[in-house]
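**Student:** Here's the letter readout for the chains.
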Amino acid sequence: MAALAACIAAALYFWFDPLGAGERTSEPPAVKPAYYDTTPVRGRLKTALMTEGTPCGTCHDSMDPPAVDPSKRGTFHSQIVLRHGANVRCFNCHNSGKRDFFSGFGGEPIPYSRVETLCAKCHGPHYRDWQQGAHGRRNGYWNTAMGERKTQVCIVCHDPHWPVFKPLRAAPAPRTLRVTASAEEH
Amino acid sequence: MADEKLPAGRPYFHPEGTEASGITRREFLGVAAVGLAAATAAALSPLRQLADFPTLEDWLRKHYTELTPRDKEAIFERIRAQVEKDYGVRPNLTDQPPLDGVMFAYALNIGRCVGCRRCVYACVNENNQSRDPQIQYIRVLKMKKGSIDVETAEHYYEGEVPDPDHYYMPVQCNQCRNPPCVKVCPVKATWPEKDGVVVVDYNWCIGCRYCEAACPYWARRFNFKKPGLPKEELNPNMGYLSNRPREKGVMEKCHFCLQRTRAGRYPACVEVCPTGSRKFGNILDPDSEISNIIRTKRVYVLKEEVGTNPKFYYYFNV
Chain A
1 MAALAACIAA ALYFWFDPLG AGERTSEPPA VKPAYYDTTP VRGRLKTALM TEGTPCGTCH
61 DSMDPPAVDP SKRGTFHSQI VLRHGANVRC FNCHNSGKRD FFSGFGGEPI PYSRVETLCA
121 KCHGPHYRDW QQGAHGRRNG YWNTAMGERK TQVCIVCHDP HWPVFKPLRA APAPRTLRVT
181 ASAEEH
Chain B
1001 MADEKLPAGR PYFHPEGTEA SGITRREFLG VAAVGLAAAT AAALSPLRQL ADFPTLEDWL
1061 RKHYTELTPR DKEAIFERIR AQVEKDYGVR PNLTDQPPLD GVMFAYALNI GRCVGCRRCV
1121 YACVNENNQS RDPQIQYIRV LKMKKGSIDV ETAEHYYEGE VPDPDHYYMP VQCNQCRNPP
1181 CVKVCPVKAT WPEKDGVVVV DYNWCIGCRY CEAACPYWAR RFNFKKPGLP KEELNPNMGY
1241 LSNRPREKGV MEKCHFCLQR TRAGRYPACV EVCPTGSRKF GNILDPDSEI SNIIRTKRVY
1301 VLKEEVGTNP KFYYYFNV
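Protein sequences, first through last, are from chains A and B. For the record, in the first sequence the residue sitting at position 134 is 134 according to the working numbering, with numbers rising by one throughout. The number in the working numbering is simply the position in the second sequence, starting from 1, with 1000 added.
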């Protein structure tokens, strides 16, 4: 009798599928594109050094560089907040005479397209790691014979004026079975 | 699944409280046989839901490694038709062979990872995992700085990251050189390819889950239900051994995005990582970033003592 009851119970069980192992009824949830957006944290690199769309030279080429104390920055660019450790002078990086450029060790101009060599002045080990691919980020093709590999430059991740990597909001936690020892599911 | 209970079915055609009375052995056996047949039919009832019962060719086919190019093409064509039927798009299903002179390896900088989980979702989006029930290949563990106890790690943190006195360690398939999951598979449905990637043939897998139990990295995932994947989110660029849609009852796991990496591209998780913590490449090429990292950084592997010899390395900044 017990066997019969078990058979019938099993039949009912498999037929009505109480645990819902069979077909779903609703559309599965979508994954938000923001969770897999590949844009670097500071967006794409600009084409040239400029502020609010104006190249620096537009104003500065006709202005004299400050003859006085180079640590004075005036008030015009007050939106620039410099929190770069002991690196507190604008002209450690910017070129005083050619304002559209950065400044190398000897004051030689560094173009915007080679901004990583500016950072290399003071961050040698990071620059070396970046060149070898251990620091920073590479996109596209690992196999350069099959396609183009793009090495992301420092300033798409680090704000040069306030370079610490800013906190991010984590994408949602998993809803899968818990695996910790304390969990009762699984 | 310990709390799984059968519904208490009471055989309602019995006279109340007279279980053994008034019924002959012969009648009993007759009824029992019918009952058993009904139970068997119902147990097979998931087959009701199979839109297409596997064809004879599918049942009789050979193991992947013994298939001729023509056999493969026939199988791929059936899969394409099935995907088109289920998802309404004709997929670009390929089966790229391993590249010569290439052995894939992976490195992850745990001094950089901030635990943002972009990799988790980039992977899900690329590899057509089930959204519901949720299947994810990457699990990010949050741990107190100074500790390295994966058992007490936090998996379910939310909000802003990184948390100052914590670090984050994403875990996925370690692509072991000595993979226990492959050893325990009773039907050889999973094996290491020439480029070092351990793959699963979803058509060959019988769903016994031995591999899941054997894996020391908790990297294998089982499809308990029919995968739930919205039609619009299907990635139509798919590989036979990688991200083609799976069925209920098969195992799956990270395969280094073979459909991308064998075409020379970075895996989806490397492509998305905003901190640049994830590194991938050919370990046989001395100039690749992966070779450089192994040469110049302090690298370690997870659970070295179990002898799996992973190709997934963790490294520090110095």
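By construction, these hints were calculated from the structure, which means they are not laboratory data. Do not take every clue at face value.
Stated by the list, open to error - Distance condition first, Cα-Cα at most 30 Å in a straight line; then the derived DSBU-like pairs of lysine-lysine:
hint: 1; chain 1: B; residue 1: Lys1226; chain 2: B; residue 2: Lys1183
hint: 2; chain 1: B; residue 1: Lys1248; chain 2: B; residue 2: Lys1226
hint: 3; chain 1: B; residue 1: Lys1188; chain 2: B; residue 2: Lys1225
hint: 4; chain 1: B; residue 1: Lys1145; chain 2: A; residue 2: Lys166
hint: 5; chain 1: B; residue 1: Lys1085; chain 2: B; residue 2: Lys1303
hint: 6; chain 1: B; residue 1: Lys1225; chain 2: B; residue 2: Lys1072
hint: 7; chain 1: B; residue 1: Lys1183; chain 2: A; residue 2: Lys150
hint: 8; chain 1: A; residue 1: Lys32; chain 2: B; residue 2: Lys1194
hint: 9; chain 1: A; residue 1: Lys32; chain 2: A; residue 2: Lys46
hint: 10; chain 1: A; residue 1: Lys166; chain 2: B; residue 2: Lys1248
hint: 11; chain 1: A; residue 1: Lys32; chain 2: B; residue 2: Lys1142
hint: 12; chain 1: B; residue 1: Lys1072; chain 2: B; residue 2: Lys1303
hint: 13; chain 1: A; residue 1: Lys32; chain 2: B; residue 2: Lys1225
hint: 14; chain 1: B; residue 1: Lys1194; chain 2: B; residue 2: Lys1248
hint: 15; chain 1: B; residue 1: Lys1188; chain 2: B; residue 2: Lys1303
hint: 16; chain 1: B; residue 1: Lys1062; chain 2: B; residue 2: Lys1183
hint: 17; chain 1: B; residue 1: Lys1144; chain 2: B; residue 2: Lys1248
hint: 18; chain 1: B; residue 1: Lys1072; chain 2: A; residue 2: Lys166
hint: 19; chain 1: A; residue 1: Lys32; chain 2: B; residue 2: Lys1183
hint: 20; chain 1: A; residue 1: Lys32; chain 2: B; residue 2: Lys1072
hint: 21; chain 1: A; residue 1: Lys32; chain 2: A; residue 2: Lys72
hint: 22; chain 1: B; residue 1: Lys1072; chain 2: B; residue 2: Lys1062
hint: 23; chain 1: B; residue 1: Lys1142; chain 2: B; residue 2: Lys1303
hint: 24; chain 1: A; residue 1: Lys32; chain 2: B; residue 2: Lys1248
Claimed, not checked - Among chain B residues calculated to face chain A with C-beta under 7 Å, some are:
hint: 25; residue: His1063
hint: 26; residue: Tyr1064
hint: 27; residue: Lys1183
hint: 28; residue: Gly1264
hint: 29; residue: Glu1271
hint: 30; residue: Val1272
To be verified - According to the in silico footprint, chain A covers these stretches of chain B (three or more CB under 8 Å from chain A):
hint: 31; stretch: 1076-1089
hint: 32; stretch: 1130-1141
hint: 33; stretch: 1188-1194
hint: 34; stretch: 1205-1218
hint: 35; stretch: 1274-1282
hint: 36; stretch: 1297-1307
Where is the CB? At the ideal position from N, CA and C, for every residue including glycine.
**Student:** Quick check: which numbered hints come out false for this structure?
**Tutor:** 5, 7, 8, 10, 12, 17, 18, 19, 20, 21, 25, 26, 27, 31, 33, 34, 36
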